[in-house]
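Going down the list, the protein sequences come from chains D and H.
For the first sequence, position 158 matches number 158 in our numbering, and the numbering has no gaps at all.
For the second sequence, position 388 matches number 388 in our numbering, and the numbering has no gaps at all.
Everything labelled a hint here was simulated from the structure, so no lab data went into it.
Beta carbons: idealized from backbone N, C-alpha and C, even for Gly.
It is possible that part of the hints are untrue.
As the list claims (entries may be wrong) - Below are the DSSO-like pairs computed for lysine-lysine, each with C-alpha atoms no more than 30 Å apart in a straight line: (1) D/189 / H/225; (2) H/142 / H/76; (3) D/189 / H/76; (4) H/322 / H/362; (5) D/189 / H/198; (6) H/200 / D/189; (7) H/401 / H/322; (8) H/401 / H/447; (9) H/362 / H/401; (10) H/142 / D/189.
What the hints assert, rightly or not - Just a sample of chain H residues kept apart from chain D, beta carbon distances all over 12 Å, derived: (11) 111; (12) 264; (13) 402.
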Amino acid sequence: MKNSKSLFISSTLFAASTFTFAASDPVNLNCDALLDQEYSTFEFIDNHNGTVTDLRTSLIWAKCTLGQTYVSGTNSCSSSGAENYIDWGDALSAAAAYEVNNISGWRLPNIKELGSLVDRSCSAPTINLTLFPNTLSSIYYSSTPFKGSSIDANYDHLVLRVIDFSDGTEMPLTTPESSNTSYVIRAVKGGYN
Amino acid sequence: MHLKKLSFLAVFLLSLGLTGCGSDNLDASNGKNSSDSTGDDSGDSSGSDTADDSDDSSGGDTGDSTYTATGDFSPKIIQRGQAFTFTYTLDQVPDVAVDYTITMSGTAVQGSSEDYTINNASPLTFPVGSTTTSLTITTYQKNDVYDARTLSLTFTGNTGEPATLNLLISGNVYLNDTGITNYSDGSSFDIPNQVNDKYKQQDAAYGLDIIINSAATEPDTGDSKDDSKQLYKNAFDVNENDSEYKGKAGFRFVKIANNGIPVVADTTNYDTPFVQDSNNYECVRDEVTGLTWQVKGPRNIIIHEAKAAPSDPDVYRMGDEKNYKASNFQYPWQPSALGTTGPGWYSSLNDATLDEGAEPGKHYANQACGYPSEGRNEGLPLYCSTGSYTDEVNRLGACGKTNWVVPSVEQLRSILDYNNVVDYSAVTGTREHALDNDFFDCKGSSKNCIVENNYSMECAFETDNGGNETSICTSLNTTDPDPVYWTSNQVKGSEQLAWCVNLQTGNVNTCHKREYHRVLVVSSNVPIEFFTPVTTSDDSAE
Numbered sequence: 001m002k003n004s005k006s007l008f009i010s011s012t013l014f015a016a017s018t019f020t021f022a023a024s025d026p027v028n029l030n031c032d033a034l035l036d037q038e039y040s041t042f043e044f045i046d047n048h049n050g051t052v053t054d055l056r057t058s059l060i061w062a063k064c065t066l067g068q069t070y071v072s073g074t075n076s077c078s079s080s081g082a083e084n085y086i087d088w089g090d091a092l093s094a095a096a097a098y099e100v101n102n103i104s105g106w107r108l109p110n111i112k113e114l115g116s117l118v119d120r121s122c123s124a125p126t127i128n129l130t131l132f133p134n135t136l137s138s139i140y141y142s143s144t145p146f147k148g149s150s151i152d153a154n155y156d157h158l159v160l161r162v163i164d165f166s167d168g169t170e171m172p173l174t175t176p177e178s179s180n181t182s183y184v185i186r187a188v189k190g191g192y193n
Numbered sequence: 001m002h003l004k005k006l007s008f009l010a011v012f013l014l015s016l017g018l019t020g021c022g023s024d025n026l027d028a029s030n031g032k033n034s035s036d037s038t039g040d041d042s043g044d045s046s047g048s049d050t051a052d053d054s055d056d057s058s059g060g061d062t063g064d065s066t067y068t069a070t071g072d073f074s075p076k077i078i079q080r081g082q083a084f085t086f087t088y089t090l091d092q093v094p095d096v097a098v099d100y101t102i103t104m105s106g107t108a109v110q111g112s113s114e115d116y117t118i119n120n121a122s123p124l125t126f127p128v129g130s131t132t133t134s135l136t137i138t139t140y141q142k143n144d145v146y147d148a149r150t151l152s153l154t155f156t157g158n159t160g161e162p163a164t165l166n167l168l169i170s171g172n173v174y175l176n177d178t179g180i181t182n183y184s185d186g187s188s189f190d191i192p193n194q195v196n197d198k199y200k201q202q203d204a205a206y207g208l209d210i211i212i213n214s215a216a217t218e219p220d221t222g223d224s225k226d227d228s229k230q231l232y233k234n235a236f237d238v239n240e241n242d243s244e245y246k247g248k249a250g251f252r253f254v255k256i257a258n259n260g261i262p263v264v265a266d267t268t269n270y271d272t273p274f275v276q277d278s279n280n281y282e283c284v285r286d287e288v289t290g291l292t293w294q295v296k297g298p299r300n301i302i303i304h305e306a307k308a309a310p311s312d313p314d315v316y317r318m319g320d321e322k323n324y325k326a327s328n329f330q331y332p333w334q335p336s337a338l339g340t341t342g343p344g345w346y347s348s349l350n351d352a353t354l355d356e357g358a359e360p361g362k363h364y365a366n367q368a369c370g371y372p373s374e375g376r377n378e379g380l381p382l383y384c385s386t387g388s389y390t391d392e393v394n395r396l397g398a399c400g401k402t403n404w405v406v407p408s409v410e411q412l413r414s415i416l417d418y419n420n421v422v423d424y425s426a427v428t429g430t431r432e433h434a435l436d437n438d439f440f441d442c443k444g445s446s447k448n449c450i451v452e453n454n455y456s457m458e459c460a461f462e463t464d465n466g467g468n469e470t471s472i473c474t475s476l477n478t479t480d481p482d483p484v485y486w487t488s489n490q491v492k493g494s495e496q497l498a499w500c501v502n503l504q505t506g507n508v509n510t511c512h513k514r515e516y517h518r519v520l521v522v523s524s525n526v527p528i529e530f531f532t533p534v535t536t537s538d539d540s541a542e
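Between the sequences and the hints, there should be enough to build the whole structure, so can you do that?
What follows is the structure, encoded as structure tokens:
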């Protein structure tokens with residue numbers, strides 16, 4: 001019933017989702033109304049400029065995944081264009097260089113910030129699609145390194161923490177090795193003010 | 001007809017605080033009172049809420065119309081900085097103005113430099129010819145308010161029961177930082193200073209463990225220290241043996257005694273259940289997130305009593321009859337009375353029947369967990385399950401609180417210090433974990449008690465040389481500590497699974513609900529009436 005450590009590693013790393021793109025319909029068809037909703041649109045301000053403010057955390061989030069185009073007319077995100085990053089360092093610098101509507105100063109979220117967008121009553125993707133349309137059911141990067149693995153070569157490829165937004169699983173990640181999913185970015189700024 | 005409305009309303013108000021669902025009716029009338037319209041329906045007191053008022057549509061009874069107002073009276077949590085508009089709808093067009101008096105109560109303070117302002121002073125009026133009216137409550141950011149504040153608006157018409165709208169204005173709380181203060185360049189992860197390349201803007205360059213951490217090294221690019229955040233005392237101002245110590249990096253914890261009173265940080269005695277002692281602590285309050293955590297108790301060996309005859313029932317008891325929160329106890333996943341609903345698993349205890357309360361002097365335990373018999377005088381189903389354990393913590397009112405729940409993934413994640421996660425290569429057999437030892441470990445036993453082995457004893461009668469039977473017990477302890485803790489989150493599409501968190505690695509995964517794991521319970525600043533379990537209650541508001 002336990003002894004699940006090795007299982008944790010394998011189940012997390014290789015349980016890559018077969019879902020790639022979210023439904024474009026922002027009605028929460030991806031959510032189960034019988035499960036506890038972790039947040040609602042009521043707790044956010046949609047700034048209608050490609051950013052969304054989370055009143056629970058004071059964080060400002062990019063509405064779109066990096067590479068998607070923010071469409072101001074529909075206040076939505078293009079269904080294609082999300083950039084796939086295969087290197088964490090490239091992802092860190094890409095988030096820092098992000099701009100939407102001339103708004104800059106972004107960064108990658110840390111693992112707790114990224115986790116705060118997960119709504120586990122939803123899946124594929126496990127997020128509110130009204131606030132974050134066309135979120136991918138893919139791996140989203142965090143800025144949190146995976147601390148460990150100095151001793152054992154079996155683990156020293158584990159570099160950082162990510163969340164799989166197909167189902168909400170969190171795990172350490174190495175250089176992406178799966179072609180079944182993509183490795184993408186949602187940028188954040190602010191907090192603590 | 002009117003009486004029927006009232007009886008339904010009374011029933012509904014009783015349940016309002018518990019279920020918080022749907023909308024509610026409230027009647028107001030102008031002109032004469034409505035007693036003459038109550039007779040025709042007085043026999044129906046079942047609370048059935050399916051029939052419509054037949055006179056609603058008649059429109060003919062001019063002069064003494066009874067109006068029924070409808071609105072969404074489910075409790076609301078308003079985040080600071082947010083406005084909330086309550087809309088009230090009348091069932092028919094009024095030919096005179098219809099007034100509702102609003103009385104406000106709660107801990108929130110009115111004023112534009114305080115918690116909230118309200119745009120519609122009492123009374124709330126439906127003007128002639130208008131079937132809708134509304135009021136808007138605007139809330140404000142305040143730097144010095146940690147706790148959420150309550151605001152109850154009670155609407156009173158000149159007939160009918162008053163209806164109350166419960167609002168909660170959120171506290172000034174944030175996400176915890178991760179605890180990561182070193183940088184990684186993709187291979188080495190213990191670099192103390194900001195790496196000057198594409199890895200520059202990572203976790204360690206941002207957040208509370210820079211802003212309020214006087215020991216932090218400020219990055220070239222990233223956040224800066226901010227002494228104006230005086231609410232968060234700099235952790236490194238004091239060492240962990242200091243009475244004002246609040247934790248490492250960006251974490252700020254305060255120990256709480258079992259009566260709810262904060263105690264100094266160098267209090268190291270873990271609470272003894274049922275003993276009020278201000279030198280002990282049972283809970284830890286997180287000043288950043290506003291959450292309070294019950295700390296696990298030291299290990300408590302479960303003893304399987306010797307049987308006089310093979311057919312005797314199994315009797316298990318706790319070595320320490322009071323320590324029901326022992327860190328070695330394990331539970332399958334089951335919803336508690338507050339919050340989450342869904343299918344779950346439990347295991348039964350000896351002595352306790354499932355639907356009766358325990359009796360003093362009896363033992364309520366099985367191989368996995370146990371509960372005290374002390375202070376038990378009411379019926380409460382007892383099982384080994386996360387839900388039953390949580391219900392018991394609420395029954396006992398641990399640290400003065402009765403809104404304990406199993407944490408969500410994100411709540412449990414909030415106290416993880418990712419600087420302290422255990423290397424995968426070292427997890428086998430280790431009891432180290434990623435929570436702060438100074439606050440979350442029960443000092444009564446060994447360090448790292450929250451990642452615990454299983455402890456039990458199997459006893460059997462043996463006949464000694466003198467022919468006497470004595471109970472001889474054998475330890476059945478495991479050496480494979482379980483670092484997995486339950487969360488309240490169920491897995492969408494897999495009702496047999498729930499999310500679980502490994503406190504050693506920080507990984508978040510799914511577990512089968514019938515697996516036995518540990519549980520920490522959490523208390524938020526959300527009052528009980530704001531817990532809204534999914535119900536199927538039929539709401540007939542028109």
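We went through each hint and held it up to the structure:
A threshold of 30 Å between alpha carbons decides the hint, and for residue 189 of chain D with residue 225 of chain H the separation of about 17 Å falls inside it, so the pair holds. For the hint pairing residue 142 of chain H with residue 76 of chain H, the CA-to-CA distance comes to about 19 Å; that is within 30 Å, so the pair holds. For the proposed pair residue 189 of chain D and residue 76 of chain H, the alpha carbon gap of about 27 Å is at most 30 Å, so the pair holds. A distance of roughly 12 Å separates the Cα atoms of residue 322 of chain H and residue 362 of chain H; the hinted pair therefore holds under the 30 Å criterion.
Only pairs whose Cα atoms come within 30 Å are accepted, and residue 189 of chain D paired with residue 198 of chain H is accepted, the gap being roughly 18 Å. Distance hint between residue 200 of chain H and residue 189 of chain D is fulfilled; the C-alpha atoms sit about 16 Å from each other, no more than 30 Å. In summary, the hint linking residue 401 of chain H to residue 322 of chain H is supported, as the alpha carbons are separated by about 19 Å, within the 30 Å threshold. This hinted pair checks out: residue 401 of chain H and residue 447 of chain H have alpha carbons roughly 27 Å apart, not beyond 30 Å.
Between residue 362 of chain H and residue 401 of chain H the alpha-carbon distance is near 27 Å, which keeps this suggested pair within the 30 Å criterion. Using a Cα cut-off of 30 Å, the hinted pair residue 142 of chain H and residue 189 of chain D holds, with the two alpha carbons roughly 21 Å apart. Annotated as non-interface, residue 111 of chain H keeps its C-beta farther than 12 Å from every C-beta of chain D; the closest such distance is 20 Å. The claim that residue 264 of chain H is not at the interface with chain D holds, since no C-beta of that chain comes within 12 Å of its own (minimum 27 Å).
Its beta-carbon lying about 20 Å from the closest one in chain D, residue 402 of chain H satisfies the requirement of being farther than 12 Å from that chain.
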